[in-house]
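So the sequences go chain by chain: A and B. Residues 1 to 312 in the numbering used here are what the first sequence lists, from first letter to last. Residues 1 to 312 in the numbering used here are what the second sequence lists, from first letter to last.
Since the hints were made in silico from the structure, they are not lab data. A portion of the hints provided could be inaccurate.
What the hints assert, rightly or not - Looking from chain A toward chain B, a few residues come up when the C-beta cut is under 7 Å (computed): (1) Leu108; (2) Ala128; (3) Leu134; (4) Gln135; (5) Pro257; (6) Pro259; (7) Trp265; (8) Ser274.
Claimed, not checked - Using 27 Å as the maximum straight-line C-alpha spacing, the simulated DSSO-like pairs for lysine-lysine come out as follows: (9) B:Lys137 to B:Lys156; (10) B:Lys3 to A:Lys113; (11) A:Lys113 to B:Lys9.
Values in this document were obtained by computation on a predicted structure and should not be read as measured data. Cβ coordinates follow ideal geometry from the N, Cα and C atoms, glycine included.
There are 2 protein chains.
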Amino acid sequence: MPKALVLTKFANEYERLIEAAGLPELELVATSEVPDGLFRAGDSDILVGDPVRVVAALPRLSRLRWVQLTWAGVERMLDPALRRDYVLTNVRGVFGPLVSEYVFGYLLLHERKIVARLEAQREGRWDATLPGTLQGKTMGLVGVGSIGSHLAATAKHFGMSVRGYTRTSADCPHVDRYFHGGDKAAFASGLDYLAAALPNTAGTRRLVDAAMLSALPAHAVVVNAGRGDTLDTAALIDALESRRLAAAVLDVFDEEPLPEGHPLWRTPGVFITSHTAAPSFPSDIVGVFVDNYRRYVRGEALRYQVDFDRGY
Amino acid sequence: MPKALVLTKFANEYERLIEAAGLPELELVATSEVPDGLFRAGDSDILVGDPVRVVAALPRLSRLRWVQLTWAGVERMLDPALRRDYVLTNVRGVFGPLVSEYVFGYLLLHERKIVARLEAQREGRWDATLPGTLQGKTMGLVGVGSIGSHLAATAKHFGMSVRGYTRTSADCPHVDRYFHGGDKAAFASGLDYLAAALPNTAGTRRLVDAAMLSALPAHAVVVNAGRGDTLDTAALIDALESRRLAAAVLDVFDEEPLPEGHPLWRTPGVFITSHTAAPSFPSDIVGVFVDNYRRYVRGEALRYQVDFDRGY
């Protein structure tokens with residue numbers, strides 16, 4: 001009989017949601033405490049949790065066959081010192097809608113001049129400055145996986161053109177034009193918005209670099225909702241400070257939390273969102289786990305398997 | 001040969017855009033000055049312009065057959081003292097995308113807690129407070145015409161449920177459930193967001209009243225992007241001040257500009273957007289005019305005709 005140990009800050013909510021799903025045969029222990037979890041369910045074949053708790057429990061689970069992360073990010077799991085004798089699945093698919101809400105919340109903040117209007121209201125001033133519109137603007141997506149595809153669909157809903165910069169893929173119906181490899185300047189040239197939602201892998205490190213940033217028009221806005229490492233922070237600060245870029249909405253950083261006194265806190269045009277773009281809502285994550293559990297007991301391939309060597 | 005007088009603040013841009021359309025046979029005079037326009041093209045059969053300028057020119061155009069407004073609002077044209085011996089068309093269709101950007105800009109501002117995050121950034125504080133999400137929330141639309149239909153489609157894109165409150169219509173595929181007449185409390189009960197984008201007519205006056213507002217949950221947010229008269233301002237202020245409503249995003253008011261010292265400037269939870277929700281961008285309006293002009297010269301019925309008696 002399958003036995004799952006659920007290690008997460010939100011143990012009670014996960015337990016309630018998983019039990020409500022009425023999964024066949026599942027024995028379940030949910031706790032936020034690693035030692036307690038190991039004591040109560042050290043013989044689990046299934047481990048569900050966030051990477052920090054999972055890494056702590058990993059060496060002690062002798063019967064482990066499957067780890068379902070409650071996050072998208074898998075960096076911590078790739079440490080060569082850790083075992084790899086189990087199937088690792090992360091969470092995908094659920095973050096597209098959340099990242100769309102994040103990205104378009106800030107795009108509309110920009111177009112509608114909301115910050116200036118809030119300021120006008122504080123002064124009791126009727127501010128009839130015309131807003132902009134997303135219609136007819138061009139969005140460039142760095143990476144077009146499940147998140148990028150959702151962003152592309154949202155951009156199309158708002159009447160935008162969409163470009164995609166990918167390693168090789170070119171199959172999203174909402175992307176008008178694809179760019180690859182050395183096409184960074186052609187990709188970035190003329191964009192109104194550039195959005196990156198990339199995982200942290202060897203291939204994505206500093207992918208959004210000075211070459212890409214310097215090809216953007218001065219009115220462009222950059223959004224990074226993926227991982228901090230995928231963007232060249234120094235080049236970004238330089239572009240913003242010299243007004244070669246209008247704004248940057250940053251959810252992720254080389255070091256998190258962003259250290260006190262870091263220049264980004266005060267760089268003109270920067271919006272700091274403190275790694276909140278795509279939180280793992282338990283109801284979303286449990287949906288992924290439940291679907292994978294049904295596959296697991298039927299002996300089918302699990303969804304969203306991570307390749308340890310590729311890093312995603 | 002048809003002769004059009006274009007009276008608008010943006011005369012140069014209208015002239016450029018209309019000439020670029022290469023309309024057959026059209027003789028065109030565009031100016032922002034009413035007396036100048038009448039002097040140069042007082043024999044026009046077509047008048048294009050904003051309501052203030054159109055009303056001023058109306059009595060002097062002896063050959064007038066058609067007025068194309070550059071706005072959606074027709075209130076000024078309905079004054080019984082004005083002539084009605086011409087076809088009046090306004091602008092519709094083009095405002096749906098703009099009002100969607102407006103409404104969802106503020107819905108996402110609310111869900112993503114952007115105001116609090118801006119404040120945290122000013123304090124150099126990492127604010128990892130979880131955002132909310134539009135997914136699974138319920139939007140109530142008061143009026144489901146071309147604007148309401150676009151709002152409904154956008155709500156569906158973001159994974160929301162949609163209710164419509166209309167006089168009789170019930171044909172938008174993106175509305176899950178319709179309410180009419182005395183169903184105000186049933187319509188409003190359980191809504192997360194209520195959005196009104198109604199024209200100002202006898203039938204819409206104070207349609208969003210105390211009965212509708214008091215049935216909303218305390219966490220609900222109201223958006224008014226139509227006309228000020230369609231909402232009971234006193235009842236709204238009362239609900240916000242007694243915390244029976246979370247917020248109100250108001251583009252339109254009983255008196256505009258909103259007078260200095262009006263309580264709405266300081267009512268908790270109010271966002272004032274100074275009648276900027278759906279500006280008439282010349283390129284959009286010229287598109288409507290060009291299409292109607294082609295119909296006009298072919299002797300076909302014009303689109304977006306206003307019924308003087310119904311008021312829309």
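Subject >> Hints violated by the structure (numbers, ascending) >> reply: 6 and 10
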